[in-house]
Structures are given as C-alpha cells and as structure tokens.
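Trainee: The whole structure should be built from the sequences, with the hints applied where relevant.
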Amino acid sequence: MSATIARALWSHWRRSPLQLFTLLAGLILATALWSGVQAVNAEARASYDAAAATLGEGQFDQIIPRQGDDITQASYIALRRAGWQVAPVIEGRWNGFRLIGLDPLTAPATLSSVQPEEGFDFADYLRDGPLSVSADTAEKLRDLTERPLRIVADLALDTVVADIGVAQTLLRAEGKLTRLIVAPTQPMGLPTLAVVAPELRLEPAQADADVGRLTDSFHLNLTAFGLLSFAVGIFIVHGAIGLAFEQRRAMIRTLRAMGVPLAVLVILMATELLVFALIGGGIGVLCGYAIAALLLPDVAATLEGLYGAQVAGTLQFRASWWMSGLAICIGGTALASSGALWRLSRVSVIETGRAQTWRTLSGKASVIQAVVALALLAITVVLAGVGQGLIAGFALLGCLLLGAALALPLLLSVVLAGFRSFSKQALPQWFWADTRQQLPGLSLALMALLLAMAANVGVSTMVSSFRLTFVGFLDQRLFSELYVRADDADQSAALQRFLTPRSRAVLPIVEERRQIAGLPSELYGAKIGPSYSDNWDFLAAAETPWQDAARGQAVLVNEQLARRAGLWVGDQITLSDQLSLPIAGVFGDYGNPIGQVVISQSLFNTLVPDAVPLNFGVRSDDARALRQALIDDFGLRDSQIVDQDTIKALSLSIFERTFTVTGALNILTLAVAGFAILMSLLTLAAMRVPQLAPVWALGLTRRKLGQLELIRALVLAALTALFALPLGLALAWVLLAIVNVEAFGWRLPMYLFPADYLKLGLFATVAAILAASWPALKLSRLPPADLLKVFSNER
Amino acid sequence: MLKLTDVTKSYAGADGPIEVLRGVSFEVNTGDTLALTGESGSGKSTLLHLIGGLDQAEGGQISFDGRDITHLGDAERAALRRSEIGVIFQQFNLIPSLDVGANIAFQARLARRYDAQAARALATKLGLEGQLSKYPEQLSGGQQQRVAIARTLAARPKLVLADEPTGNLDEDTAAQVLAEMLALVAATGAALITVTHSPQVAAQMGQTLRLSHGQLA
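In order, the protein sequence lines correspond to chains A and B.
For any residue, its number in the numbering used here is found by taking its place in the first sequence, counting from 1, and adding 842.
For any residue, its number in the numbering used here is found by taking its place in the second sequence, counting from 1, and adding 862.
Hints were generated in silico from the structure; no laboratory data involved.
In this text, a Cβ means the ideal position worked out from N, Cα and C, and glycines have one as well.
Any given hint might turn out to be false.
[As the list claims (entries may be wrong)] Using C-beta positions, here's what the derived DEER-type ranges look like:
1) B:928 x A:1113: 30 to 40 Å
2) A:1214 x B:1068: 52 to 62 Å
3) A:1105 x B:1069: 29 to 39 Å
4) A:1536 x B:975: 43 to 53 Å
5) B:1070 x A:1542: 43 to 53 Å
[Said to hold, decoys possible] Sample of chain B residues lacking proximity to chain A, with all beta carbon distances greater than 10 Å (derived):
6) 870
7) 877
8) 895
9) 904
10) 936
11) 963
12) 969
13) 983
14) 989
15) 1026
16) 1033
17) 1049
18) 1059
19) 1064
Mentor: Okay, structure coming up:
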C-alpha cells in the first residue's frame, strides 16, 4: 500500500518539475552557504589549533630578552644550571617560511611538533636534522632544500620546525636563542630570574590574547551571515512545500476518502521531504565546499590582516561540516514543513479538500504571525536596552530581522489596501486588490528580499562607516613621513644623532607588553609634542590631555582597553605596583586587537629603565631625500625604512581584503533572494490563470495582463526596498554600536550613504523585474484556449 | 448488509450546536440501489459521510456486514474505505498527476485487489480504452466521471456511495454515465447509495429515501 501511495505522491513532483527544482534549489542554496561558511570556520579553527599546538603559544610562560631580540646561549645554560626547567627556542624567517628551532629533549611533550610518531628515533633525528612541516608546506619546500622533510600533520601552514642546532645553522645565528619556553612545573626554591639572568624577563602565558578567542567574533560574524543565507534558502523551501501541499490538497482528500490512514500519509510525506533534504543537502554541501574554496583565500587574508592569525589557504574535507551541513538541511526542512504537516494532521478528512478550511487556518496563522512579529520586535527593544555581550548582540539582530520579516506581509497588505481605497477607476482598483491577493504566495520571497537587502544596507553601512573612520584614523596616526628601524642599541643612538639635525622631529617609539588592568596590553612611551597633539583626536578627553600626559601626570588609553576594563576619562589606571595615574584621553585604535596605553617617554624610561628605542617616526619636509641620505650616508638598509604612503597603502589594502568576504556573502544572499522571487512568480503563474481569465474575458488583453504582472513585481520590490532601508540602518546601528563594541572593543560613528542605498534599491527592483519578466511573457503568450478552460471547468 | 439505527449528528454553530441528522434509521441489502434525496442542508451528504466512515456519528448505530462501525478509530475507518466501501464524488476527485490508467488502478492497488485484465475490461466498458495514457485535465467532465466510477469499481467494494455523481454533467452525458454506473454496479453485485437532487436519477434507483431537516420524511 505504501508504495502505491508514495507513487501517487511522487507523481505530483513528476508533473511539477519546476516546483521540485525550486524546492531542491532552496535546499541546495541554504545548505551551500551555511556549510561553506562552516567549512571556512572549521579550516580556520584547525589552523589556530595547529599554530597553538606547534609552539604552545598562549599555553606556556616564556622568557624573553628585556631589550634586543636575542638570548645568549650562556644565559640559557645559567638558567638550566640554576634548576630552571626551560626549553630553548630560536625563531626567524627562512626562505619566506617561519623557521622554529626546538630542542626535542627539553621542549614540553604536548607540542605537536615534538611529539614522536611510532618508530621515531631520536638518534636518527639528531643525526639527519630533518625539517618537520605539514604536508602543504612540504609541497612548497621540496625544491628549496635538500634536507629530509618529516611530515607532521598538525603543524601550522608555512611553519618549519627543526632541531635547534639545524635552525641556528639555517638562520646563521649560531649560539643565539629567541626565547625560552618555561615548563609548567618547576622545582621548589629556584633562584629568581632577576638573580640568574637579569637581562631576561618572564612573559606570562596570555590566554586572553589567544588568537582563537580574538578571531571568535569574526567567525561568529561569518556564522551569522551563513545563518542569514540559510534562512533565506529555507524561506524558498517553505514556500515550495506550502505550495506543493496546497496543490495536493485535493489529492490528499481523495487518498483519505479511499482509505489511506492519516498517519501513513503524514509519514510518507515526511519521508518524501527527508529524501529531498538528503539529496538537496548532499548537493548543497558539495557546493558549500566550492564556495569555501573560493572564499578561503580572502578569509585567510582577513584573519592575517585583523589578527595576525595564519590560516591555511587550502581546504580539507572535514566530516564535521559535512555532517553539520546535512543536519541543518534536515532540520531546516523539518522547520519549513512542520506547519504544513501540522495542518495536514489537524484537518479532518471531510474538510481536507475545502479551501475555506485552509483559509481559516491561514487566517489564524496570519494573526499568530502578527503576534510573533510584535513579540520579536518587543524583545529587540528590550535587548537593545538591557542586553549585554556578543551573544545578546546577535540575539538582538536575529529578533530584529525575523520580527521585521514576519511583519512585512502585514505592512504590505495595509499599504496595498490604502492604495486600493485611493483608486477611483476599475482597473487600478482591481490591480491593487489583486496584488494584495497575491501577497500570501509571494510573501516568503519578499521576506527573503527584505532580509537580503537589509543585510546589504546594514553591512555596507557598517563597512563604509568603518572605512571612513579607518582612513581618518590612518591620517591621524601615521603622521610621520618616514618610519625607520634600528638593528640594535648602538645603531639606535647613532640614528638619533644622524636624524636630529636633518629632520623636523625624531619620535622614538618604545613599547613593552604587560598586563594592564588585567588585560594584555602594550605600554607605549611617546615623545609628546605638537606632532601628536596636532594630529591625534580623542573620543573623550580631559581639558588638557597632552599637557597632563607630557608631564607624566596622566595616561592616554585606546578605546579597546577603556571599554574592556570599564574605565573612562578621569578613572585611575594602574601601570605598576607603585604607580596609578588618571586617564586623560581615550583614543580610537582600529585594527588593533589588544589594549594600548600611551605615556610620556620620560615616564616610560622610569618604568622600563633598560628600554632602548629601536623604532622611530621621523618628521621631514623632504622624505625622499632623507631616505636616500639614510641609505647612502648612514648605511641603513632599504628594508629598515618605510615611508608614510607605503604603510598607509598597505593598511588600506589589508582593510579592503578584510571585507571582501562580507561583500561576497552580501552578493550571494541577494542572488538567493532574487532567485526566490523568480521561483515564487513562476510557481504562482500557473495558479494565476483562473484569477486572470475573468479579467481577460472582460476585455483586458493578454499583453496588458503581462505588463501588469511586471508592474506588480516592480511595486512589491520597491515597497520591500523601502521597508528594507530603515531595517538595514537599524541593523547597521546594532552592528556598529553593539556587536563591534563587543567583538572588537571599539565603537564606530555611523555614516549614511544615500547614493549606495539608491543603487541597491534600483538593483533590487531591476532584479525583481527580470525575475517577473519570464512569467509575464508566459502569461502574455498564454493561448486563449487555456484561459477558456477556466470557464469550462466551472460547469 | 448496512443497517442504520437512530443515527444522530450535529455540528457546532455560532448560536450553539446545529442538529444535522435526527434519528435516521434504514437498512440496505446486497445489490440494493438507494437514492437519498432532500433539499440542500437536509443532511444527505453528512449521512453519506457517516456511512463511508469519513465522519463519525454522535448517536445511534451504523453496522456494516454485521459489524458495528459507529465508533471505529481513524485507522479502522480508513481500512473500511480502502477495501469495503467505494466513494464516487460529484467533483470526480481524480489524482491530477496520475494518468487515467494509474487512476483506475489506484484504489484496487490500495485494496490489494488489482487485476489488470479486469481493470482494462472496465475501462473498455466505460469507453476509456483510448484515454488510458491521458491525464485528467485532458478529459471532458463525462470522461472524468467515468474514470472515477472505474476507479471505484475496480476495487470491487461491497458498497458504492455516490455523492451527486452526475451533478457536474450535462443532461445527456449524465444519463449515459448513470446508466453505465448502474449496469456495472449491478454486475459486481455491490449495493449503491446515491445522493441526488435529480428526480430522474432517483427514479432509476430501486428505493428512494427523502431527508428533511435531518429526518427521513
């Protein structure tokens, strides 16, 4: 029996291939964008894990030099003799790769790079001096070295790990070390570091600065985009399922009248949808893989630009996102079909076929929809007032978008009813009433369009506001015409002597990383003067911030630190055990993930007496000549000098690539919405004939009817675009004022870009007209015999 | 074969329950043909739904083949419709996505009584032999109703219920279809209950019962 019924149910799809295509396309699109984003996230997270596992970054305390870049072998030996359990590390660039030298006998065993595989022989390792690399890196490295390569699966990309002796040879740094990894457990009663090696200092493990955590917000953003695209795709699926159930209403009644039990019918229809979900989901995951492969290079660039996180540019097929893609596709299908299945299971057999029953239920559904929309918008307002944290920010976004989408059909209905009441002539009256009648069939596609456009307006406003702010910020911060770097303390002193008579100002940049207000931060010493006070703007400041800071009586902090520590202008901040100073100014610091405190150079020297400035900003009226003089007369290498234009261009290019991904996702989401409109109009076209036949019979030509269909699509798209604008601006406000503050620690001013919005509105209406043109053309060429059938069927 | 005893049914209305059937009793035997007539809203279709297990009576008893079917569950009533009782609708209710051949075979397959030769013979008797690969939308109203009759009879039910079977057809076609239906039902030995407004249709039945305000007049 089940096979007979299944065949009958399937026959509907066989006779309605377009509807089947729409359903599968919706599932494929929804799953593809979602699993594409998941694939990118999974790949990035795997890269962070690999990086952390390679060197235990963030896991272990480290010992580093107080000044300069190197630790001598003698200091290391002194520490070992004193009982310190430390492992030496040398690190540098070699052939474009990050080369890390480790001592496999002393390095912590949890590091993936030193974990011996089965059959590993230490004697062979020390004798042959192989380079440990990931498979991807091995491919790149094969022609560059004759040393044996040892593949270690979890190693970070472009990272080479070798025995410390081999690394010192390759880096031409015999006897030098970069840092020492401190084992988590140390013997009791050790002499302090200051006693054994006063030239070194201990850097605690910085769990808060862990790259995985910093990038979480970025991945959450991507996931939100994936979810939005998924929602748009599921709207298409919901529409296709609803339409299919509606069209099969008569069949369902017949089947029930012939003795098919309701439970069997529901189970078979649910099974049918499950099969579609598996097919659509499977194809969707494969498409997602392709999308991820396209997006990953930009995501990798973004993560490196924003956070300095290295992500492999190639994709692996991971079971986790394959499963998550299929699971969300099945879940989404269940969600999209639950209403239709529920209605099917509730309506009694003698009522199933009556359109009125379904309409009554649909009437109830629209009341429920209005109530849910209002409830969601109310929650949005509450969350905007009292919500805290990134999750609350995204919950707010979700409620706002979903509430607005659910409210859209009701708003459109009210507007169209208004248009109808203002119309005096018969044709416009019919047009508005008929357009209103089409809303239930088109509402899901219009909701998808609303969400896609709002996301576009919101994200582009956020990105463009960010861009404007960022360009202004670069102009403020990068005021020096040249930036130079000395190799060591001697060169630093010589450089200052050389530059002072040849420039307007030499501004040493000295920094030290330390925990400030419990957060990983950079302490900067600045030679405060007109260069700073003329160029830097504050987000909030005391009356005389520069004077106070120059006198060493106050500090200036970046916005991230101020917000994360809950401090603001006038609050005290502790710099050391003996020193707390008030905050005189809070400055914007975009693109920097951690806190920053700027103090006067003299105060910095008091706090960090051994610090030697190696970096300098140089003010000059003729930067080109000075650069040449630095190379020709002073002997500085070209790579030690960067001019202002180059550094600005580099920063901007990083910024542009950072948002390439969101741009691509924006376009994909809009394309999905356009597709939703096309499919809705095409599926509705067949159902429109009985509604249009009487109007045709009353004297309207088929051509005119086709034109009216186009105008209808234009009107609905334009109205949706109109509603999308305030929604998109609200979305931008949430992103700028809530999500960014939580994710990055900075709040950006919001700018408006009317020309961009107008362009987007035009784009959406053109897309809607294009989507409507095929169904309209079909209608205008409909044979009169098909229109006449409507009347013959009414006998 | 079919016995109704004091059957009652009411529906919820805006001003309280509306009594649609008020103590209806009658009996139908194998091979009987019965017309149920009455004005609109008299309860004819409701009575047909109760007999066919499409709906449940509130009071009284309906027994079929000596078995009380008044309070059967949904699954048992579905089984009854599947194999014992066939329904022919005014609106034909063919499955639009199946061709004529598959439509005719459909209920017989559900009842596990499909006999390809018998189905083909039935189609031939109803003049549908050239239409088997067509879809319902490609047929005239009369042809569609013939397919509906063939579909019901191919399953060889003991009782055929017809709700205004010719109500959607013109006079000539209606007469033709009715004659064919009566002949075929008689050939299978099934009983037939027809709801109709038409005195001509009622006149061709062995017995006529008139319903008025939910009671047999």
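Trainee: Work down the list of hints and note, for each, if the structure agrees.
Mentor: Do the hints match the structure? See the list:
1. B:928 x A:1113: 30 to 40 Å: holds, 38 Å
2. A:1214 x B:1068: 52 to 62 Å: Because 58 Å falls inside the window, the suggested range holds.
3. A:1105 x B:1069: 29 to 39 Å: holds, 38 Å
4. A:1536 x B:975: 43 to 53 Å: About 44 Å separates the Cβ atoms of residue 1536 of chain A and residue 975 of chain B, which means 43 to 53 Å holds.
5. B:1070 x A:1542: 43 to 53 Å: holds, 49 Å
6. 870: holds, 17 Å
7. 877: holds, 19 Å
8. 895: holds, 21 Å
9. 904: holds, 17 Å
10. 936: violated, 6 Å
11. 963: Label holds. Min Cβ-Cβ 12 Å, cutoff 10 Å.
12. 969: The claim is violated: residue 969 of chain B sits with its nearest Cβ about 5 Å from chain A, within 10 Å.
13. 983: holds, 21 Å
14. 989: holds, 20 Å
15. 1026: holds, 13 Å
16. 1033: holds, 12 Å
17. 1049: holds, 21 Å
18. 1059: holds, 16 Å
19. 1064: holds, 22 Å
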